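For this one, chain A is given, so just place chains Z and U on it according to the hints.
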Amino acid sequence: MSVVPISYYLVLSAVLFGLGAVAVVFKRNIITIFMAIELMLNAVNLAFVAFARAHGQLDGLVYVFFVIVVAAAEATVGLAIVITIMHNRQTLNVERVNLLKF
Amino acid sequence: MSIPFLLFFACAFISVLGAVLLIFAREPIHSALSLVLVMMSLAVLYLLLGAEFIAAVQIIVYAGAIMVLFVFVIMLLNAGFEERTDWSKIAKVVGLPFSFFLLLAIAHMLSRSDIGTVVANGAGAPSNDAVSTRALSAALFQQYLFPFEATSILILIAILGAWILGRKE
Amino acid sequence: MPLLNHIWIILALPLAGAAINGLLGKTWPKSIVNTVAVGSVSLAFLSVAELVREFFTLTPDQIPFVGNYFTWMTAGPFTIDFALQVDQLTVVMLLVVSFVGMLIHIYSTGYMAYEDGYYRFFSYLNLFMFFMLTLVLGANLIVMFVGWEGVGLCSYLLIGFYFLKKSAADAGKKAFIVTRLGDLGFTVGILLAFWTFSSLNFHDMFAKVSAMPSETMQHSGVLTAICVLLFIGAIGKSAQLPLYVWLPDAMEGPTPVSALIHAATMVTAGVYMVARMNPLFSRSPLAMLIVAIVGAVTAFYSATIGLVQTDIKKVLAYSTVSQLGYMFLGCGVGVYAAGIFHLMTHAFFKGLLFLAAGSVIHAVGGEQDMRKMGGLRKQIPVTYWTMLIGTLAIAGVPGFSGFFSKDEILDAAGSGPHANLTLWILGLAGAGLTSFYMFRLFFLTFFGESRYDHHKVHPHESPKNMTVPLMILALLSLGGGWVAAPHLVGGTDHFEAFLHPVFAAYAPQTAGIEQGVSLAGSAGESGGIAPSPALELFHAITGPPVIVALAGFLMAWWFYIRKSEVPEKLATSLHGPYELLLNKYWVDELYAAVFVRPLLWISTNVLWHVVDEGIIDGIVNGVARVARESGGQVRELQSGNTRSYATWVVVGAVGFTVLLLALLGMAVH
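Chains A, Z and U supply the protein sequences, listed in that same order.
No gaps in the numbering here: position 101 of the first sequence is 928 in my numbering, and each next residue is one more.
No gaps in the numbering here: position 115 of the second sequence is 145 in my numbering, and each next residue is one more.
No gaps in the numbering here: position 447 of the third sequence is 543 in my numbering, and each next residue is one more.
Next up, chain A with everything else stripped away, as it sits in the complex (with noise of 0.2 Å):
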C-alpha cells in the first residue's frame, strides 16, 4: 500500500517527460540533448514503477531493467557517433549537422 497515491508518480512521470521533450526540441548542444532524451527515459521508468507498485507485480521491474541496461548501450554508442561529428565537423550544434536535406 502506498500511501502516496500512485496518480502523483504518473503526474510527476508525465512532468517530467514534457520538459524532457521541451529540452529535445530547444537546446541546441547534441550532448545536452542526449541528456534531455535520458530525462525523458527517467520519467518513463518512474511510470513504469508506479504502475509496478499498482498491481502489484514484478513486471515493471523487469522492464525498467531492461530500460537501463539499453539506454546504457544507446549512450555508448551515441555518444561514439557525437566524438566523430566532433571530428569531422568540429562543432556540437546540432543545426550544423545538416546536410541530409533536400
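If you're looking for bench data, these hints aren't it; they were derived computationally from the structure.
None of the values given here were measured: they were computed from a predicted structure.
The C-beta atom is built at its ideal place from N, Cα and C for all residues, glycine as well.
Each hint should be verified, as a subset may be incorrect.
What the hints assert, rightly or not - From the structure, some residues in chain U lie toward chain Z, with a derived Cβ separation under 7 Å:
#1 Gln475
#2 Ser740
#3 Val745
#4 Val747
#5 Ala749
#6 Val750
#7 Thr753
What follows is chains Z and U alone, placed relative to chain A:
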C-alpha cells in the same frame, strides 16, 4: 502530513527543479550535473515505491556509469560554449506550446486513469527487500531469460560499435 | 441482263484507273498513264453504252431498276444500303457524263502534255469520274451525297492542281468552303427527309410522298422545308446566287478541269438533284418558286458581269453560272425535262467552248486576256470553226442545240402552268446579254488586228488529240437538240417523251394539267384549231428568244467589228456602272468584310489566344505547375535541421495522445 508525503513532494520538487535547470543551463556540464540531481531524486522515489533493487541499479548504473560517461565526453570534447543559432523556424513557433501540451495531455490522461483513485497494492504488498530482489532475479532468469541474454549481446554490440567509431582512421 | 446485275462495274473502272495512276504512275512514262486513264474512262463509257442497250430491253414495271449491293450501315430504324438505280434520267446523265468525260480525258492528253504532275492530274480526273457516276447512279440520298461530296473533293484537288501558286491554292479552298456552306443545308435537308419518310431511298420516299397532299403557298410545311434545304446545297454546288463566288475563281485550274467539272458535269449535280427529287418539289409551290427566282435572277445577274470581263475563261465561267440559272428556272417552272435537256446541250456547247478556249490559250502561249488576242481566225481554223458552232449554240440561234432547250424553258416561264412574267423578262434579258457577250468574246479573240506580241507568240493549231474532241463536241452542239425538234412543228419532243415517266410517275394530280408533257405544240395552241406545221415553225423561229439573240449579235458586231472605239467611249461615259460590273459588284470584297475578316478575327483572338493558349494550355500547364509547386513546398520539410524534426515528432506525439484521449473518453462514456 506523513513522512512519505513530505518525502515525495521534496523529491518531486527536486527532480522538477533539476529538469528545469537542465533546460536553462548554459553550459552542458551544468545540464549534466542537474541530470544527476534528477536521477538521485528519482532513486529516492523508487525506494518510496518499494523497488530497492531498481533504486540501487539507478544509482550505480545510470548515475554512476552513464552520467559519468556523459561528463567524460563533455570534458573530452571541451563542449563549452553553446553558440546561439536559430535556424529552425518550426521549433521556435510550435515547439514550446506543443511540448507543454504534450506534458499536460499525458498528465491529464494518467491522472484520470483508474490508477489514481485506487490505492492499489494488490498481491505485491509492501516492500520486503529480500523477497523483492530475489523474486526479481528469479523472474529475470526464468521468465525473461531470452531478453536478458539478448541484452547482453546488445551490450557487446554496443561496445564493438563504440570501439569502431572511436578508432583513428 | 448481265451488266444490269453488276452496275457497280461502271464505278469500279474509273476508280481503278485513279488508284493505279495515283499509286504507281509517278515513274511511268506518259503513254502508260494515258492508257490507264483514258482506257478506264473509255471502258466506263462502253459499259454505259451496254447498260443503256440493256435498259431498252426492260419493261416499264422494271424501271427504275435498282441493284442493291450491300448494307452499308444500320442504326436502329436507319438503314442505308449501297444501292444503284437506273431509270431514264439516270441514262441521260450517264451518257452525258461518261461521253463528255471521255472526250475531255482525250483532250487532256494533249493539253497537259508538258505539265508536271501529269499522273496526278489523270488520277484526280478519274477519281472525279468515279464520284460523279456514283452521284448519278445512287438509289438513295446518302449514296448521292457520297458522290456529291466526292466531286467537291476532286474539284478542290483539281482547282488547286498548280498548288504552288497561291491564287490557285486559295481558289481551291474557296471552292470547297463555299460549297460546304451549301452542303450544310443539304445535310439538314437529308435529316429532315429521313425524319419525314423514315427512309432515304428514292423509291420509298416517293411512294410515301405521293400519298401526301400538295402544300400550298400559304400553307407550307415540311416538304417545303426539305426542298428548300436541299436546294441550298444545290445553290452551293451549282454556283447560284449567293454562293456562286467560287466558280470564277475556279478558273485557276487547268482548262480541261474547267470544261469537265465546272461546265459539263459537277456543277450540274444540283440540277440533277432537283430533277430527281421532283415529286417533292412538285408538291411545294413555294420551293419551286424559290428555285425559279434564284435561277432567273442568277441568270440575269451573272450575264451582266460577263459583259465586261477581259479574261476569256472568266467570261465562260460567268456564262456557266448564268446557264445553270436557266436550268433551275426550267425546273422551277415545272418543265424538269427542259431543264435536263438544257443540262445536256450545255454540257456539249459549254464543254466545247472551254476546250476551244483552251486551244486558243495553247495557241497564244498561255495568254488568257482577250485584249491581247485578236486576228486568230486564219491561224487556228479548226478552233475557229468549232468555237463558232459553240457560240451559235449558246446564243440560241435556231437549229443549234441551245436554241431548243432555251426556247422550251423560256416558253414555260412565259406561258406554262407556273408562268411568271418577271422571271420570263429576266430570262429573256439574260438570253440577250448572253448572245452579246459570247459574240463579244468570239470577235475579240478571232477578229480584228492581232494584239499580241508577234516576236513572242506564234499561234499554231493544236494537235489532233485536242482538235478531234472539239469536232465531236461541235457536232453534238449542232445536232444534239434535234431530238426535240419535231415538237416545234407540232410533233413529239422525243427527249421529253423519253423522260416523261420519271417526272410523271409521282406528279401530283392537279386539275388535269400534266407537267412536262406537251403532246400538242404549246407555242401558239390556243383553241380548237390545230395550226399548220409551217406556221408553228415560223412562230418558233421568230419568237422573243431569237429576237434578243439576234439583237445581241448585232450589238456585238457593231461594238467590236464595225466601230471598235465605241466600247471604250461607253466605258468612260458610263463609268460608274462599268466599274460596278468590272469589279463583279464587289461581292467578293463584301463577303470578305462581312464574313471572312470577322471570322478570322474571332479565330485568332478568341479561339487561339483565349481558348487555346489561355484556357487549355493554362489548364495543362497549370496542372504541371501545381504539381511542381506543391512538391516544392512539401520538400522544404526535409530541411536537414534536427530540431525541426524533433519538433515534428513532438507534434505527432501530441496528436496521437489527443486521439487516445478521445478514444478513451468515448470508451468510458
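Hint check:
Hint status for Gln475(U): violated, given a least beta-carbon distance of 99 Å to chain Z, over 7 Å. The beta carbon of Ser740(U) comes within 4 Å of a beta carbon in chain Z, closer than 7 Å, and the hint placing it at the interface holds. Interface restraint check for Val745(U): the shortest CB-CB distance to chain Z comes to about 10 Å, outside 7 Å, so the restraint is violated. Hint status for Val747(U): holds, given a least beta-carbon distance of 5 Å to chain Z, under 7 Å.
The beta carbon of Ala749(U) is positioned within 7 Å of a beta carbon in chain Z (closest approach about 6 Å), and the interface hint is therefore held. Here the hint on Val750(U) is kept, as its CB sits about 5 Å from the closest CB of chain Z, short of 7 Å. Satisfaction of the interface hint for Thr753(U) is found here, the shortest Cβ-Cβ separation to chain Z being roughly 4 Å, below the 7 Å cut-off.
Consistency with the previously given hints fails for numbers 1, 3, ordered from lowest to highest.
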